Amino acid sequence: MTDQNIIEISGVEKRFGTFTAVKDLNLTLKEGEFFSLLGPSGCGKTTALRMIAGFQDHDAGSIRIAGQDMAHIPANKRPANMVFQSYAIFPHLNVGDNVAFGLRKLGLSKADMKTRVAEALEMVELGGLQARKADELSGGQRQRVALARALVMRPKVLLLDEPLSALDKNLREAMQLEMRRLQQKLGITFVMVTHDQYEAMTMSDRIGVMFAGKLEQVDRPEVLYARPCNRRVASFIGGMNFLDARVTGDNGATVDVNLQGFGPLTIDVNPNAPARSPDLLAGIRPEQLEIGAQRPEGYDACLQGTVSDIAFYGESVHYYVRAAGVEQPISAAVPNYFHTVDHKRGDQVWLGVQNASVIDLGARDA
Amino acid sequence: MAGLLRTEAGKGLALSAPASLYVGLLVAAPLGILVAYSFWTQTYVEIDKTLTWANYLEAATDPLVRHLMLRSILIAGAVTAATVALAYPIAYFIAFRTQKKTLWLLLITIPFWSSYLLRVFSWKLILGFNGVLNSALISLGLIDEPLTFLLYNEFAVVLTLAHAWAPFAILPIYVSLQKIDRSLLEAATDLGCSKLERFVRVTLPLTVPGIIAASLIIFIPTVGDYVTPSLVGGSQGKMIANLIQVQFGPANNWPLGATLSLVAMASVGFAAILFAVLATALGRRIR
Ligand SMILES: Nc1ncnc2c1ncn2[C@@H]1O[C@H](COP(=O)(O)OP(=O)(O)OP(=O)(O)O)[C@@H](O)[C@H]1O
Ligand SMILES: [Mg+2]
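These protein sequence lines map, in sequence, to chains S and F. First residue of the first sequence? That's 1 in the working numbering, and the numbers climb one at a time after it. First residue of the second sequence? That's 1 in the working numbering, and the numbers climb one at a time after it.
Isolated chain S (complex conformation) (with noise of 0.2 Å):
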C-alpha cells in the first residue's frame, strides 16, 4: 500500500425514484489498498461499486479515480475493472479469446497479445487452458478466468461484486488466500462487495460497513471488531451480547460504570462512538467471557446464572447462560481444547469478565 490516493469518494448520493439507495457516501482509498464493503442485502453494496465503475450515474456528489473526475467519464473508459458476482465470461469465446477481449482493443502485436494472456492465466493457476470452453468450466475455474481477464488489463483498481459467493465454503476460503496473495503482489487497489464479514475481516486492509444506503464504519478489521461504533455494526460483525450501563463516574479516557448482571466495572471510552449519554449500550464478545462451575478468581467483574442453551460448533462451544436482570440469555464461548462439554443444560455458572473486554457502544439509541 502507498500514501497515494487512489479512489476519492465525496458526497456521493443515489437514488431510484423516491428511494435512496446511496446515502453521502464519503470513502478515499490509498493506491494497494483492499478495501471491502461489507453489509446486510439491498444496503447499496452493488450500486456503490457501480457508480465508481460507471455503470451507475450518481445524482450528488464526486467520484475521483487517481486523480481524476469520473462525471463524464464513461464505463468504458474508466481505469477500473470489474469481476462480476455472476463472472460474466462470454459463453462464445474460449478461456483465451475471453481473457484477450479486452487486450484487442489495445493495438497489441499478437505475440504481445499471447504472452499477457498466458502469464495473466498463469496467474490465477489456469495456465494452458486458453483452449477450454467457457461452458467446460466449473464454478471455481469460471471465477478464476473472470478474474485473469480483469486483471489483464492492468487495472490502477479491481472492483469485485460479491466474487467468491457462488463457491463451496471450501473453494472459497482457499480462493481467499489466493486472491489476497494476487492483490499483494499486483500491488491493485481491490473494492471488494461482500455480505460475509469473515471473508471481509480476512482479506482486507480496511472494511465499510454500510446499512441502508449509509456507511457507517470505516476501519481496520481489528479495530472494527473492538471498537464498533454502534450496534448495528457490533452485531454484523462477530457474535456479541449486548448489556446496558450506566455511567456512575467520567475519568475522562475512561467511564466508571454499572453493567447489567455484572456490576460495577472501569472501561475504555469507545473514540468511534461519538454519541454520549448516561446511559450506555457495552458490549461484550462470547469469546471473551470467561465460565466456570465456581467464581473465577482474578476478574474484574462476575455474574451468577444457570445454562440454558449449549450450541457445539466444533472449534469452540457456545454456552448461553440466564440471569437475574439480564433478559436476553448471555453467551459465552470456550475453545474447544480437550473434546469436553463442561457443562449442562440447567448447570449453575459463573460468568467473568474484564475491564478491558467491555465495549463502549456508546447511547444506547444511537
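Since the hints were made in silico from the structure, they are not lab data. Fair warning: this is a prediction, and the values are worked out from it, not measured in the lab. The beta carbon of each residue, even a glycine, is placed where N, CA and C say it ideally should be. Just to be clear, a hint being listed does not mean it is correct.
Unchecked claim - What follows is a list of derived Cβ distance ranges for each label pair:
1. 168/S <-> 89/F: 42 to 48 Å
2. 127/S <-> 266/F: 47 to 53 Å
3. 147/F <-> 68/S: 57 to 63 Å
4. 165/S <-> 180/F: 19 to 25 Å
5. 108/S <-> 74/F: 40 to 46 Å
6. 171/S <-> 281/F: 33 to 39 Å
7. 114/S <-> 115/F: 56 to 62 Å
8. 10/S <-> 81/F: 50 to 56 Å
9. 81/F <-> 122/S: 43 to 49 Å
Unchecked claim - In silico lysine-lysine, DSS-like type, Cα no more than 25 Å apart, as pairs:
10. 77/S <-> 133/S
11. 185/S <-> 156/S
12. 100/F <-> 105/S
13. 156/S <-> 30/S
14. 110/S <-> 133/S
15. 156/S <-> 195/F
16. 195/F <-> 100/F
17. 105/S <-> 156/S
18. 195/F <-> 77/S
19. 179/F <-> 133/S
20. 30/S <-> 185/S
21. 124/F <-> 100/F
Based on these hints, arrange chain F with the ligands on the given structure of chain S.
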C-alpha cells in the same frame, strides 16, 4: 407393454407416438408417393409405372427449370436478408429498450389477424398502376406518370414477403436476444468496448442461432411460395413453385411435377444447410 411403459425410453416413445403417427401419415406418406411418382411417366391419360430416371434427366437439362430454381433461391435469399435485417432492430428494441414487451409482441402478431391472401392483395392495391402509392405521388405532384416498376417484378415479391414474414423473424431473434445475460454486455463495456463494438463482439455472435432459425423459417417456405409470385410477381417474378403448380394443374404431368418438387426440396435443403454452416462459422470468427 406395462413394463415397457415404465422405462424412460418407453415413456418417451409413448409420449411421442401420437406426434410420430401424425407426422408419419401426413409427411412421410405423401413424400413416399411423391418419390414414387417421380420415377413414373405420364402418358396422355394414364401413368406408366415403369421406373425411369427420365424426369430427373429432364429437370437437370431443361434451362427453364434451372433458371427458375436459381431465381427462386435468389428471391428467397433476398426476402430472407431483407426480413432479417428489418426484424433485427425491432427484436432488439423489444428485448432491450422497452418494458412493455408483451404489448409489443402482441402488436407484432396483428398482421396475422387478417388472412395472408388479403395482405398480398393489399400490397397489390398499394403498389398497382392506379394504386395508393402512385395516386399519392401524383397528387403530391412528385411524378407525372404512374411508376410501373413497383408491381409485377421481383421487387414486389420481396417487399410483400418481407412484410408477411416479419413476425417469424422477429420472434426467434427476440428470444435469442432476451436470453443474453445483461452482465455480459456490462462486462464488454467494462473491458473497453463502445456500444457498437459491444454489439458486434457480443450481442451479434450470441444471436447467430436466432438469426439462423429466423432465416430458415423464412427461406424454406419462400422458395416454395407460389401465391405471392403469381399475384404480384408478374412474369419476371415467377418462381419454381409456379412451374410445379403448372405441372400438377394445366400441364397435367404429375410425375414431372413430383420430380421438380423433390429437386426443389433437395436444393433448398442444401442451400439451408450451407447457410447454417457458414453463418455458424462466421459467428465463431468474431472474437
Ligand atoms: N435499478 C434500480 N432501480 C430501482 N431500485 C434499485 C435499482 N438497483 C438497486 N435498487 C435498490 O437499491 C437498493 C440497493 O441495491 P443494491 O443492489 O445496491 O444492494 P446490495 O447491497 O448489493 O444487496 P445484495 O447484497 O442483495 O446484492 C435495493 O433496495 C434495491 O432494491
Ligand atoms: Mg449486490
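**OP:** Starting from residue 195/F, check that the Cα of residue 77/S is at most 25 Å away, please.
**Re:** Judged against 25 Å, a Cα distance of about 12 Å means the pair holds.
Original post:
Between residue 127/S and residue 266/F, does the beta-carbon spacing fit 47 to 53 Å?
Top reply: Given a distance of about 50 Å, which is inside 47 to 53 Å, the answer is holds.
**OP:** Can you let me know if the beta-carbon spacing of residue 10/S and residue 81/F is within 50 to 56 Å?
**Re:** holds (54 Å)
Subject >> Restraint check for residue 195/F with residue 100/F, where alpha carbons must lie at most 25 Å apart >> reply: holds (23 Å)
**OP:** Just tell me: holds or violated, for the beta carbon distance of residue 165/S and residue 180/F against 19 to 25 Å?
**Re:** At 22 Å between Cβs, range holds.
**OP:** For the pair supplied as a hint, residue 105/S and residue 156/S, confirm whether the alpha-carbon distance does not exceed 25 Å.
**Re:** This hinted pair holds, its Cα atoms lying about 18 Å apart.
Original post:
Taking 25 Å as the top limit, are the C-alpha atoms of residue 30/S and residue 185/S close enough?
Top reply: holds (16 Å)
Original post:
Falls inside 43 to 49 Å, the C-beta gap from residue 81/F to residue 122/S?
Top reply: 45 Å Cβ-Cβ, so the 43 to 49 Å window holds.
Original post:
Given a hinted range of 42 to 48 Å, is it respected by the beta-carbon distance of residue 168/S and residue 89/F?
Top reply: holds (43 Å)
**OP:** Quickly compare the C-alpha distance for residue 100/F and residue 105/S to 25 Å and report which way the hint goes.
**Re:** Violated, because 36 Å separates the two Cα atoms, which is more than 25 Å.
**OP:** Starting from residue 179/F, check that the Cα of residue 133/S is at most 25 Å away, please.
**Re:** Given that 25 Å is the threshold and the Cα spacing comes to 19 Å, the pair holds.
Original post:
Within 25 Å, alpha carbon to alpha carbon, are residue 124/F and residue 100/F?
Top reply: Given pair residue 124/F, residue 100/F is violated - Cα atoms ~33 Å apart, limit 25 Å.
Violated hints, in rising order: 10, 12 and 21; the structure is consistent with all others.
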